[in-house]
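Q: Modelling step: build the complete structure from the supplied sequences, incorporating the hints.
Quick note, the sequences are listed as chains A and B, same order. Counted the way my numbering counts, the first sequence spans residues 1 to 136. Counted the way my numbering counts, the second sequence spans residues 137 to 274.
Among the clues, some could well be false.
Derived PhoX-like pairs (lysine-lysine); straight-line CA-CA distance at most 20 Å [unchecked claim]:
hint, chain 1, residue 1, chain 2, residue 2
1, B, Lys139, A, Lys106
2, A, Lys44, A, Lys106
3, B, Lys183, A, Lys17
These are calculated hints, taken from the structure and not from any lab test.
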Amino acid sequence: MNKKKILIVDDNEDLSKGLKIYLRSHNYLTVVAGDAVSAISQAKKEKPDLIILDLGLPAGDGYLVMDRLSNIDELATIPIIVVSARDYKVHKERSLNAGAKAFFQKPTDSVALLAAIENVWAEQSGLRPITEEQII
Amino acid sequence: MVKKNILIVDDDKDLLLALSVRLASVGYDVSRAPDAATAILKAAQGKPDLILLDLGLPDGNGFFVMDVVRQLSSAANVPVIVISARPQDVYKEAAILAGAKDYFQKPYRNDDLMTAIERELAAAMPDSAASMPGLSDT
Numbered sequence: 001m002n003k004k005k006i007l008i009v010d011d012n013e014d015l016s017k018g019l020k021i022y023l024r025s026h027n028y029l030t031v032v033a034g035d036a037v038s039a040i041s042q043a044k045k046e047k048p049d050l051i052i053l054d055l056g057l058p059a060g061d062g063y064l065v066m067d068r069l070s071n072i073d074e075l076a077t078i079p080i081i082v083v084s085a086r087d088y089k090v091h092k093e094r095s096l097n098a099g100a101k102a103f104f105q106k107p108t109d110s111v112a113l114l115a116a117i118e119n120v121w122a123e124q125s126g127l128r129p130i131t132e133e134q135i136i
Numbered sequence: 137m138v139k140k141n142i143l144i145v146d147d148d149k150d151l152l153l154a155l156s157v158r159l160a161s162v163g164y165d166v167s168r169a170p171d172a173a174t175a176i177l178k179a180a181q182g183k184p185d186l187i188l189l190d191l192g193l194p195d196g197n198g199f200f201v202m203d204v205v206r207q208l209s210s211a212a213n214v215p216v217i218v219i220s221a222r223p224q225d226v227y228k229e230a231a232i233l234a235g236a237k238d239y240f241q242k243p244y245r246n247d248d249l250m251t252a253i254e255r256e257l258a259a260a261m262p263d264s265a266a267s268m269p270g271l272s273d274t
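A: And the structure:
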């Protein structure tokens with residue numbers, strides 16, 4: 001079975017490295033980008049199955065990335081999970097309205113993040129995804 | 137006062153729980169990781185004040201964890217104490233060379249471990265020695 005590829009977009013190199021190792025240990029391929037511009041170019045080049053996206057980025061922010069991707073036909077349907085230090089009370093709803101599948105506030109619970117990723121695959125394959133309450 | 141955070145990395149769930157309860161009972165904030173990858177992710181985003189690290193882990197080993205943590209700008213200087221069933225006459229020197237501050241072979245004396253934790257936290261942040269649970273005047 002082909003491994004799923006996940007693009008990690010975060011300007012915090014420590015978190016990128018940690019997420020990369022964590023996701024690889026769960027059998028995912030990973031690519032990384034450290035700013036909004038390279039996030040879009042990496043998405044075009046790598047065609048990831050999913051994007052983990054920080055909101056606070058150099059050269060734009062996560063909302064700009066979501067907006068740009070949504071206007072590129074071959075990238076518009078890539079599922080996005082936002083992982084941000086920004087206040088979830090403000091940014092969760094805004095992220096979901098912008099097209100994100102889920103929002104996690106840093107520091108992120110690794111098990112819940114993994115469950116959210118698997119939820120995306122379940123949703124794509126027509127299976128009933130588990131609810132956020134079940135994850136928590 | 138902000139509690140010191142200790143990340144415990146061990147695939148033995150019973151030990152993880154017992155040590156968590158013990159550390160929490162003396163005033164530490166505790167986070168837990170059952171494998172190497174989770175440990176690295178938690179170290180990268182949680183910035184623990186100290187890591188208690190088993191060597192034998194399901195998806196790697198403690199040496200790998202130490203190596204990666206040393207590359208994290210936010211956690212490179214976090215003190216690591218190894219707790220392992222592996223014989224210390226074989227592994228202690230390698231663990232210290234890899235950056236560990238101390239080595240405890242299981243089974244170990246809890247009081248000795250607590251003393252080592254307080255010592256390493258105080259050494260890492262000399263100005264905050266008074267905030268150590270064992271040294272608190274409250």
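Q: Quickly compare the C-alpha distance for B:Lys139 and A:Lys106 to 20 Å and report which way the hint goes.
A: holds, 19 Å
Q: Take a quick look at whether B:Lys183 and A:Lys17 sit within 20 Å of each other, Cα to Cα.
A: holds, 14 Å
Q: Holds or violated: A:Lys44 with A:Lys106, Cα cutoff 20 Å?
A: violated, 27 Å
Checked against the numbered hints listed earlier, the structure breaks hint 2 alone; every other hint is satisfied.
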